[in-house]
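Undergrad: Using the sequences and the hints given, assemble the complete structure.
Chains as they are written, first to last, in the working numbering: chain A, 13 to 195; chain B, 38 to 356.
Honestly, the hints are just simulated from the structure, not real lab data.
Glycine included, each C-beta is placed from N, C-alpha and C at the ideal position.
Possibly wrong hints are sitting among the right ones.
Computed footprint of chain B on chain A; a stretch qualifies when at least three of its residues, placed anywhere within it, have a C-beta under 8 Å from a C-beta of chain B [as the list claims (entries may be wrong)]:
1) 16-29
2) 161-170
Just the calculated beta-carbon pair ranges, DEER-fashion [as the list claims (entries may be wrong)]:
3) 274(B) / 84(A): 56 to 62 Å
4) 248(B) / 84(A): 30 to 36 Å
5) 146(A) / 45(B): 54 to 60 Å
6) 84(A) / 90(B): 27 to 33 Å
Some chain B residues well away from chain A (every beta-carbon gap over 10 Å; in silico) [to be verified]:
7) 40
8) 113
9) 125
10) 129
11) 133
12) 140
13) 142
14) 143
15) 171
16) 249
17) 274
18) 322
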Amino acid sequence: MQTSRMLPILTLLGAVHLMLVIAGASYIDLSEFGPVGNALNYYGEMSGSNKSYGFFAPGVGAQARTRFEVIDAAGKSTLVSLERSSSHEADLRINNITGQLTANDGEEDTDDQDAARDLRRSVAASLAGKVFGRYRGAQAVIVRVDEFNPVDMPEYRQGLRPKWEEIYQAKFVQDTGIMGVPL
Amino acid sequence: MISNVTRFFLAPASAKPLAALRIGLALTLLAQAYFLRLEILELFSSTGYLQGALIHSFHIPGTPTTSMFAAWMSRLSLSEDLTILLLGGAYVLSLVFMGLGLYTRASSVVAWFLHWTLMNSNDSTNYGADLFAQVFLFYLMLSPAGGAWSLDVYLGRTSPAPTSAARLSLRIMQFHLCIMYLASGIEKASGLQWWNGQLLWRALSMPIYKQYEMSWLIDYPFLTQLGGWSTLLFELGYIIFIWPRRTRRFWILAMISLHLGIVVFMGLGIFGVLMAMLTPALFGVSPEKGVLAARECAATTSNLQRGLAASPLVSSSAT
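TA: This is how it looks when you write it as structure tokens:
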């Protein structure tokens, strides 16, 4: 009985929820609508109703990978990655984290550019620290980020092949911190 | 007209589609938890990949995070790592309970909350599978998903009777899927790569997704174009063709094929399986069969009672 009395209210709430789903899918930022918008945005975070669905849209861009050159006391260098291939699911997530080294590359605002550069450097230092932890004999770690740009079919037919190109590099030395700067 | 709309949204329905979603989602997320078991501390701890205060840069502001729990638990002298492991263990346990349909409502709330907490704790690792899990855990928490195929029903804790709440929950989830595929289809259709066949070619050549050597496709460009067009057709047409009974079965099969294709050719196992499970659970499992059976059962019971009431023995004992 109680449930049936609640049904009109639940239906209305369901309709409002679906409107928020449409707003999220349409990239409408509710936080621009004051306190109510902020509350709805928080609800969107809880329910996932504020998300958009542009997977592989409008197209596929470049892929980044991060590798670490570990240099030991004898000067011998080894190229390693953080992904341990324990599962593809885990590797995907690690790749998402290392992808932060190329995130916000296109920022136009100077403050945003600075913030992006600072964040990138912090992420690089953190990842390098992880590598130092895994390779105890390492004297230096060079973080190398490469980008893979796929080649379209017509270009491929003309003999062009996709390849990795280095877009970022930073060297970290035990105890002394960062040595190099991004390319 | 109004009565038709009311019936569409509120006519009592069996909870079987919701139960199918509940079980499918629990199994998929348990598999995901198994694959991530060795990385949980690396992903969420401040001694993991994002060390020290850096992990806070990837928190979603104002939301519960593992760091918040770690700060609380430190008062009990529990380390951050142990707190994260306890949260992970509780999450897995809640998924097991949710899948079995044991204390379904409570376990769904815990599963949703802990999943959300983990998502908020390192936003940089999230991808599509997490988003959809979050969306449907939220729905399961609010819907009567324990009303079918659950230990709660078996133990008599929950009634399996059809309810309006089950129908309303199902409709909202179905509409969400329609909105999602339409939005996804529109965004894809706005890019040239989906029309000229370049998208599948490029995606299949990306090292992160590459499962097989697919460069032979260069000799069959119509295959990648066909793949792009059919994806657009299935996603844009979903909102229309998933409803009529005549086209529903084909569309369900199409969506399963599309998402299993992602699993096989791009290696996105958890994402592909989760997506492949949604449409058959919400559109393929009938909410009516249980209703018919319940009605038949009620009619039989009512007939029986009428027949028995006619018997002086029963009527006297009933009074």
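Undergrad: With reference to the structure, classify each hint as holding or not holding.
TA: Against the structure, the hints come out as follows:
| no. | hint | result |
| --- | --- | --- |
| 1 | 16-29 | holds (count 6) |
| 2 | 161-170 | holds (count 6) |
| 3 | 274(B) / 84(A): 56 to 62 Å | holds, 59 Å |
| 4 | 248(B) / 84(A): 30 to 36 Å | holds, 35 Å |
| 5 | 146(A) / 45(B): 54 to 60 Å | holds, 58 Å |
| 6 | 84(A) / 90(B): 27 to 33 Å | holds, 30 Å |
| 7 | 40 | holds, 14 Å |
| 8 | 113 | holds, 27 Å |
| 9 | 125 | holds, 14 Å |
| 10 | 129 | holds, 15 Å |
| 11 | 133 | holds, 19 Å |
| 12 | 140 | holds, 20 Å |
| 13 | 142 | holds, 14 Å |
| 14 | 143 | holds, 18 Å |
| 15 | 171 | violated, 4 Å |
| 16 | 249 | holds, 14 Å |
| 17 | 274 | holds, 16 Å |
| 18 | 322 | holds, 20 Å |
Of the hints listed earlier, the one the structure fails to meet is number 15.
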